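*Asks:* Grab the two chains, each in its own frame, and use the hints to assemble them into the complex.
Now for the letters of each chain:
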Amino acid sequence: MSIYLFRRTLQSLLVLVSVTLIVFVILHASGDPVELLMPPEANQEHLDAMRRTLGLDKPLWVQYGLFLKNALQGNLGVSYHHGQPAARLVLERLPASMELVFVAFSISLILSIPLGVMAATRRGKAFDRITLLGSLIGISAPHFWVGIALILVFCVELKWLPSSGRGTWAHLVLPAGSLGIYRLALFIRLVRAGMLDVLTQDYIRTARSKGLSERTVVYWHALRNTLIPFVTIAGMQMGHLLAGAVVTERIFAWPGMGRLFLDAVNHMDFPVIIAWALITSAIFLTVNFIVDLVYVLLDPRIRH
Amino acid sequence: MDTGYTDYAPPTVKFLGFRYIPAERQILHSFLTNKMVMVAVVLLVILLGCAIFAAWITPLRPTKQNVISRLRPPIWLERGKAPHLLGTDRLGRDVYSVIIYGLRISLTVGVVSAAIAMVFGVVMGLMAGYARGFWEAFIMRTVDIQLALPTIMVALCFMVMFGRGLGKMIIVIAITGWATYARTVRGTVLSIREKEYVESAHAVGLSPGIIMTKYFLINAITPVIILAAVDVPRVILLESTLSFLGLGVPVTTPSLGLAIARGYRVLFSGSWWVSIFPGFALMLLVGCINVIADWLRDALEPRSREQV
Numbered sequence: 001m002s003i004y005l006f007r008r009t010l011q012s013l014l015v016l017v018s019v020t021l022i023v024f025v026i027l028h029a030s031g032d033p034v035e036l037l038m039p040p041e042a043n044q045e046h047l048d049a050m051r052r053t054l055g056l057d058k059p060l061w062v063q064y065g066l067f068l069k070n071a072l073q074g075n076l077g078v079s080y081h082h083g084q085p086a087a088r089l090v091l092e093r094l095p096a097s098m099e100l101v102f103v104a105f106s107i108s109l110i111l112s113i114p115l116g117v118m119a120a121t122r123r124g125k126a127f128d129r130i131t132l133l134g135s136l137i138g139i140s141a142p143h144f145w146v147g148i149a150l151i152l153v154f155c156v157e158l159k160w161l162p163s164s165g166r167g168t169w170a171h172l173v174l175p176a177g178s179l180g181i182y183r184l185a186l187f188i189r190l191v192r193a194g195m196l197d198v199l200t201q202d203y204i205r206t207a208r209s210k211g212l213s214e215r216t217v218v219y220w221h222a223l224r225n226t227l228i229p230f231v232t233i234a235g236m237q238m239g240h241l242l243a244g245a246v247v248t249e250r251i252f253a254w255p256g257m258g259r260l261f262l263d264a265v266n267h268m269d270f271p272v273i274i275a276w277a278l279i280t281s282a283i284f285l286t287v288n289f290i291v292d293l294v295y296v297l298l299d300p301r302i303r304h
Numbered sequence: 001m002d003t004g005y006t007d008y009a010p011p012t013v014k015f016l017g018f019r020y021i022p023a024e025r026q027i028l029h030s031f032l033t034n035k036m037v038m039v040a041v042v043l044l045v046i047l048l049g050c051a052i053f054a055a056w057i058t059p060l061r062p063t064k065q066n067v068i069s070r071l072r073p074p075i076w077l078e079r080g081k082a083p084h085l086l087g088t089d090r091l092g093r094d095v096y097s098v099i100i101y102g103l104r105i106s107l108t109v110g111v112v113s114a115a116i117a118m119v120f121g122v123v124m125g126l127m128a129g130y131a132r133g134f135w136e137a138f139i140m141r142t143v144d145i146q147l148a149l150p151t152i153m154v155a156l157c158f159m160v161m162f163g164r165g166l167g168k169m170i171i172v173i174a175i176t177g178w179a180t181y182a183r184t185v186r187g188t189v190l191s192i193r194e195k196e197y198v199e200s201a202h203a204v205g206l207s208p209g210i211i212m213t214k215y216f217l218i219n220a221i222t223p224v225i226i227l228a229a230v231d232v233p234r235v236i237l238l239e240s241t242l243s244f245l246g247l248g249v250p251v252t253t254p255s256l257g258l259a260i261a262r263g264y265r266v267l268f269s270g271s272w273w274v275s276i277f278p279g280f281a282l283m284l285l286v287g288c289i290n291v292i293a294d295w296l297r298d299a300l301e302p303r304s305r306e307q308v
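Here the protein sequences line up with chains A and B, keeping their order.
If you count the first sequence from 1, position 147 lands on 147 in this note's numbering, and the numbers rise without skipping.
If you count the second sequence from 1, position 234 lands on 234 in this note's numbering, and the numbers rise without skipping.
If you are wondering where the hints come from, they were derived from the structure by calculation, not from laboratory data.
No experiment lies behind these values; they were computed from the predicted model shown.
Do not take every clue at face value.
As the list claims (entries may be wrong) - Computed, partial: chain A to chain B, Cβ under 10 Å:
1) S163
2) I251
3) I273
To be verified - Chain A stretches covered by chain B per the calculated footprint, using a threshold of three residues with CB under 8 Å from any CB of chain B:
4) 17 to 23
5) 281 to 288
Said to hold, decoys possible - Some chain A residues near chain B, calculated using beta-carbon distances under 10 Å:
6) S12
7) L14
8) L133
9) L136
10) P142
11) I148
12) I151
13) G239
14) A243
15) L262
16) V265
17) W276
Backbone N, C-alpha and C define an ideal beta-carbon position, used for all residues, glycine too.
With the rest of the complex left out, here is chain B (with noise of 0.2 Å):
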């Protein structure tokens, strides 16, 4: 899918009268010359190094409660007060802090879940299109009950039953996305499998995990690449929508969907800034993992059409 964030004419080497242009540079190439993704990729960075070093950059524990400072603006406002610099919850939480912290949870879900949900759905893909015969039709079989069905009610029901927990969340989360890698990996091994080299590596006995690691999963490894990218911002907002609604973290993790729920409580008493800055933070941290992961489209594979 263009995504208009790669309109760019790569270098040329000029080799025995035709241009040639080696793929690295063209990524590269493509990458510097790109001020959107430069931009994404530079506020990227800053984000995560809020959330590694959260706890330095913030003045206060975000589950810390002040009874006198409840529900203070930010600190540009009348009434606002040091060091609440985006303000204070209903609690007397500092937002900042909150939303920093948040950014941890958020980013740690959304990186753990995704790459779960990659390791077991490339496994199972490799497994289908290698098996054949039975186990092949049982997992995708499988594979089309999931795609069937729609992501947030299956997640809501396995929510419901597990409870509460940021590692049950992760476990729920990663189930919903696998069956994605699971399909397209065993659509690039079938594309494969009855190749010459392919024929030649079993009949010279090599073992199933080889022709499976060095034959089917290299194959496989730019379209896994692109689903993980754009299966990370799909996870961050799951995250936040479960927690949103209660059947994420458990109430004292220092969540952006807890923070935007408890913000909407009361955001008909005029305290806006409990629910909007958490938000801001997350569609910040979305929006730039969405432009990079567009980015890494275009450039790994220009042909490709979009599959939602």
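Chain A extracted, bound-state conformation (with noise of 0.2 Å):
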């Protein structure tokens, strides 16, 4: 277990590494950001002057042990246009993002698995083929689109709900709808071919053979071995979730992490899109490193 523990550490760590090196060249590769920032009548003094201020004078590959160095101290570089440590910018817009990603994970999370068991017990009926069509729709329609779609109903038509904004739980309805619609859908299908697979095992008929009620039968011996691949597979894209929200905070007007990459790109501010995505990467390494662990611990069959 422990050894499995270190090579999984490593592992992502590995991935880290790359991560900031892509990045790095990606972004310094991409053009200069120092004559976005000075006023057209600098003259090439003033721009020198600049990238020397900045390090962007230097080699890429000593820019890149700087930075490398710099990060391990938790400094990530000073915003170009916000003036501010960018790691802090990032950090700053952390919650709001969670908070998304969070309730958008959770509904889709509560909601599909009654679901998906409802579709697999009641197979073929007018129930499951709703839910199948239902759930179809959701992984076939773009989620920009829905969004749009919500706010036109919601906001535009009835004036229910608030458009855009963050702070109280009507303005968190919309985006968290949005932005989980799609797990929604793709988590009712694999709770419901779960289930269907689950429900044509051996145990199972061993199960119903005791004389069990169907009802333990599917929501204690059959829905407890579908959870344990499903919730690994969810709990991964936890983690994706959380870069997707780019696009719901972009509809929304959600002052969190992704709207502050759109606007970093639209400025070529790169420390504050290399903190994106660096950050972005941490989080998503280490939600899928514990979704690991909890599979090995709950499944003794893979503790290799």
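*Replies:* So this is what it looks like as structure tokens:
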């Protein structure tokens, strides 16, 4: 177990270092931010001076070395646009994004399990067909468009909910709903497929032949065995939600990391872009790491 | 994964007392008895036709602006005006024409990107499985890194570097997709690498190229087809997302994602048609491909378990 832990940690760190390298090279190869930062009338001397202040005159690998050294101390550079530490800017926005992701994820998890189980136990019946059609729409509709449709109905037409900003529960309903709808649809399909698979197993037949009620068989014996692999896949999706929230935050003007990133792209604010990519990756890797551990603990068969 | 689209009883042939069902007949039969898949195929063919013959079935060029006919509602509403069937956007562009040409972009990106990712991923997977040693480790660690990162983040970072452009976006999306193929193909190769018939092929001196294609590739075809079918909807949605965020195709391209973004800006003035119709077209396209992909997976690999 400890060897597994060690290898897994090492692997995550390797990925993180590769991300720093890739993001760093990509962004520095993509253009000169100095010309964007300085007024157009600035002469060559001023431009060079600015480059020196930002450390952009050194060779790329020296810049990368310095960047890595600073990153280890929690310093990801200073935002060109805001003039504040990039890491702090991103981390300040983290709670808003996490709130959105957490609510979206919880909604989809809580709704998908009963719906998936009910669809599987009523296979081929009307309820199953409607659920399947609904989940097909859910995985096929672009979620930014779902967000726009929700705004149209609940903000423009009915005027029930606010369309932008953050603060109250009412602000959270539409963003979380539109972010969660794809996962909800996906999870329903996964639970349904998992249940259908488990319900054909021998131990289910044994449980039935013991005279247990159908309810006990479905919700105690079958669901438990469906949930172990399901929770792993679902957990991995949580990290994807954080990155995917970029779009939702744009539509609902949600003050999270994603919006900060999109603004940074417009200003070619490299430190913020790098900080966003690094912090998103770090959270993604940590979540997947925990999910992996939980899976290993839950399922003794794969404890190598 | 059972998706509910294959509740069928294939015809059986009695042969020496055994029930024998040829695989092709099973697949054909499951197709013909499955209304949902039939509808999806017909719809997809229609959408494909629209994309191919866009110039003949649209009244206007999708880029044609018209200051006088700005933000016209669909034709059946008050103020609606021919030939703007589904209304116009803020610059007077015809929404219907934008959708038809947008389908062309979506399908092009979907098919080309998925194809590049597939070919590259399959070649990498074959090489990793065949080579062993350093190259196998190198390719597979790259795959691990790729799969350990959220796709949309990788795509966004690459688009920031390359800048907008159709070709660039096709490449970037392909980069985000190849790793799954490589991992699957290598897995298949590993499972047959030690079999006697492969060893004997080595022993009689067949070239690596022949062993890779005739032995390894053949065995990997079914999972690769299934992966590709599932990948196309993902690619199309990713294209529209990138374009929606302004990091995809250039603003003059008639893309569905861009059209939805433009519609979002005029949403609060009540011009809902500019974003709702393109999004609906996108959903229809992706939905059809999803249904077909699901059916294909069930038909080709009845025992396959879902791996997201």
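*Asks:* Work down the list of hints and note, for each, if the structure agrees.
*Replies:* Okay, the hints, checked on the actual structure:
Taking 10 Å as the C-beta contact cut-off toward chain B, the hint placing A/S163 at the interface holds, the least distance being around 8 Å. Interface restraint check for A/I251: the shortest CB-CB distance to chain B comes to about 7 Å, inside 10 Å, so the restraint holds. The interface hint given for A/I273 holds, since its Cβ lies 6 Å from the closest Cβ of chain B, which is under the 10 Å cut-off. Only when three residues or more bring their CB closer than 8 Å to a CB of chain B does the claim for the segment 17 to 23 of chain A stand; here the count is 4, and the claim holds.
Interface restraint, the segment 281 to 288 of chain A with chain B: holds (4 residues with C-beta to C-beta distance below 8 Å; minimum three). Against a cut-off of 10 Å between C-beta atoms, the interface hint on A/S12 holds, since the closest Cβ of chain B lies about 8 Å away. Proximity of A/L14 to chain B holds as hinted, the smallest CB-CB distance being about 7 Å (cut-off 10 Å). Proximity of A/L133 to chain B holds as hinted, the smallest CB-CB distance being about 9 Å (cut-off 10 Å).
Of the supplied interface hints, the one on A/L136 holds, with its beta-carbon coming within about 6 Å of a beta-carbon of chain B, less than 10 Å. Among the interface hints, the one on A/P142 holds; its C-beta lies about 5 Å from the nearest C-beta in chain B, closer than the 10 Å criterion. With a least beta-carbon distance of about 5 Å to chain B, the hint placing A/I148 at the interface is held under the 10 Å criterion. For A/I151, the interface hint holds, the least distance from its beta-carbon to any beta-carbon of chain B being 6 Å, beneath 10 Å.
Nearest Cβ of chain B to the Cβ of A/G239: about 6 Å, under the 10 Å cut. The hint holds. A least Cβ separation of about 4 Å between A/A243 and chain B falls short of the 10 Å threshold, and the interface hint therefore holds. About 7 Å separates the beta-carbon of A/L262 from the nearest beta-carbon of chain B, less than 10 Å, and the hint is met. A hinted interface residue such as A/V265 counts as satisfied when its beta carbon comes closer than 10 Å to some beta carbon of chain B; here the least separation is about 6 Å, so the hint holds.
Below 10 Å, beta-carbon pairs count as interface contacts, and A/W276 has one with chain B at about 9 Å; its hint therefore holds.
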